[in-house]
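Student: In order, the protein sequences belong to chains Y and D.
First residue of the first sequence? That's 104 in the working numbering, and the numbers climb one at a time after it.
First residue of the second sequence? That's 47 in the working numbering, and the numbers climb one at a time after it.
Among the hints, erroneous ones may be present.
[Claimed, not checked] Sample of chain D residues at the chain Y side, in silico, Cβ under 7 Å: (1) Ser84; (2) Arg87; (3) Glu177.
[Stated by the list, open to error] Facing chain Y, from chain D, some residues (calculated, C-beta under 7 Å): (4) Glu97; (5) Leu179; (6) Val199; (7) Tyr204; (8) Trp223.
It should be emphasised that the hints constitute simulated quantities derived from the structure, not laboratory data.
We put the CB at the ideal spot given by N, CA and C, even for glycine.
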Amino acid sequence: MTDPSCTEMHLLIQADVDGELEPADAARVAQHVERCPSCARLQADLSALSGRLRDEATRYNAPMQLRRAVLNQLPQRRRSWLSRPVLATGLSAGLAVAASLTIFAVLPRADTMPEWIVAAHIRALQPDHLVDVVSTEQHTVKPWFAGRLPFAPPVKDLSGLGFLLQGARLDSLPGSTAATLVYKRRQHLIDLFIWPTGENEPRGRSSGVREGYNFVRWQTGEMTFWAVSDLNMKELDEFASHWR
Amino acid sequence: MDEPAWRLRWRDRKHPRPSSEPPRFEDVVIPNLDAAYSLARWLVRDPVLAEDVVQDSVARGLSYFASFRGGDARAWLMRIVRNTAYTSLSARRKVRKEQESETLADGDEALSARDAAPDPEQALLRKEQAEQLEKALAMLPAELRECLILKEVEELSYKEIAQVTGIPIGTVMSRLWRARQALMHLVRSGESHD
């Protein structure tokens with residue numbers, strides 16, 4: 104443990120625990136930890152500490168009066184919109200349909216899809232926009248989609264793996280309507296957008312970050328999946344791996 | 047290619063748009079309000095002052111937002127909250143030395159904590175553990191605590207923490223390391239790693 108190479112490894116091991124390493128460096132860490140008991144112990148301790156902090160350190164909710172005060176501080180346009188949620192929902196759904204038709208005609212989908220996905224996620228985080236059907240039961244969510252969509256999206260119960268199903272909604276995106284499943288890990292919401300893969304859509308896996316939100320895209324069978332969340336990339340990848 | 051006309055029309059609509067243009071201020075604030083308040087609470091350790099900090103931050107954010115050039119909007123907001131929190135703290139320290147809101151803070155915590163366990167025994171154990179943890183966190187130097195809170199509570203990346211605190215990523219890593227070394231006794235007792 105006084106080996107200088109171990110001292111150099113410390114920040115690398117920490118970065119690995121924090122999910123910050125590229126696969127090549129993570130592999131280097133894994134290799135070192137395998138033959139160095141002291142560093143293996145460090146890795147275990149760092150993970151345990153990280154777990155304790157995440158589980159036990161208080162995450163405070165903004166009190167209602169603060170939420171109201173902040174809404175009052177925001178520009179007028181927003182407030183009048185918020186006060187008429189029903190009208191707004193109908194209106195934005197209409198615009199969304201009009202939007203998807205226009206955009207699809209003009210845009211190659213691949214270029215701006217991450218932006219659309221992240222924007223849809225952010226919009227869903229606004230009050231009362233998250234889910235159309237509230238359920239933690241896959242057997243409730245799956246039939247809810249039937250009759251609303253021309254395809255049957257898969258719905259998985261991942262609660263045993265720490266991803267809790269919150270509900271579902273429909274999203275109008277350029278080119279198609281998406282079935283959106285909403286999952287939660289700790290305080291992080293994950294939107295999973297699903298639709299049948301179009302002819303001109305890019306294949307394979309891709310990932311990235313837009314406006315601080317991570318996204319992962321992949322295909323399974325006939326379906327295209329996009330997962331987006333403010334969850335860190337490591338855990339979002341883990342979420343994705345349970346679907347592939 | 048010139049920007050097509052439909053894209054200009056877009057901007058007036060209540061609809062997600064490609065983020066080649068920055069998001070609207072309310073789209074940054076509303077989804078991150080809990081995170082902003084949580085950070086303020088951890089930095090100023092006073093529920094009332096934390097509310098003031100968030101409101102001040104929103105006011106400051108509104109006036110700075112025009113100059114926001116896109117990028118990581120959440121980190122941008124957190125940076126304002128963090129700076130406002132430190133300004134408020136030093137302003138208050140000047141006004142009065144003693145801290146009378148501790149009892150208020152304790153009572154309020156149990157109410158606003160998320161994920162309270164339904165089982166009372168478990169809740170008590172949880173509360174005791176959280177108290178032990180908070181005590182240990184409180185003993186950390188402010189600049190180490192800040193990095194750890196941004197990492198573990200706000201779950202920001204190294205890059206985002208660097209943006210929020212205005213320190214290089216290398217310093218973020220070494221501060222996290224020092225903070226964690228100081229807290230290792232919470233998960234084990236034994237030799238240290240350095």
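Student: Against this structure, judge whether each hint is valid.
Tutor: Verification of the supplied hints:
| no. | hint | verdict |
| --- | --- | --- |
| 1 | Ser84 | holds, 4 Å |
| 2 | Arg87 | holds, 5 Å |
| 3 | Glu177 | violated, 9 Å |
| 4 | Glu97 | holds, 5 Å |
| 5 | Leu179 | holds, 5 Å |
| 6 | Val199 | holds, 5 Å |
| 7 | Tyr204 | holds, 5 Å |
| 8 | Trp223 | holds, 6 Å |
Violated hints amount to a single one, hint 3; each of the other numbered hints is respected by the structure.
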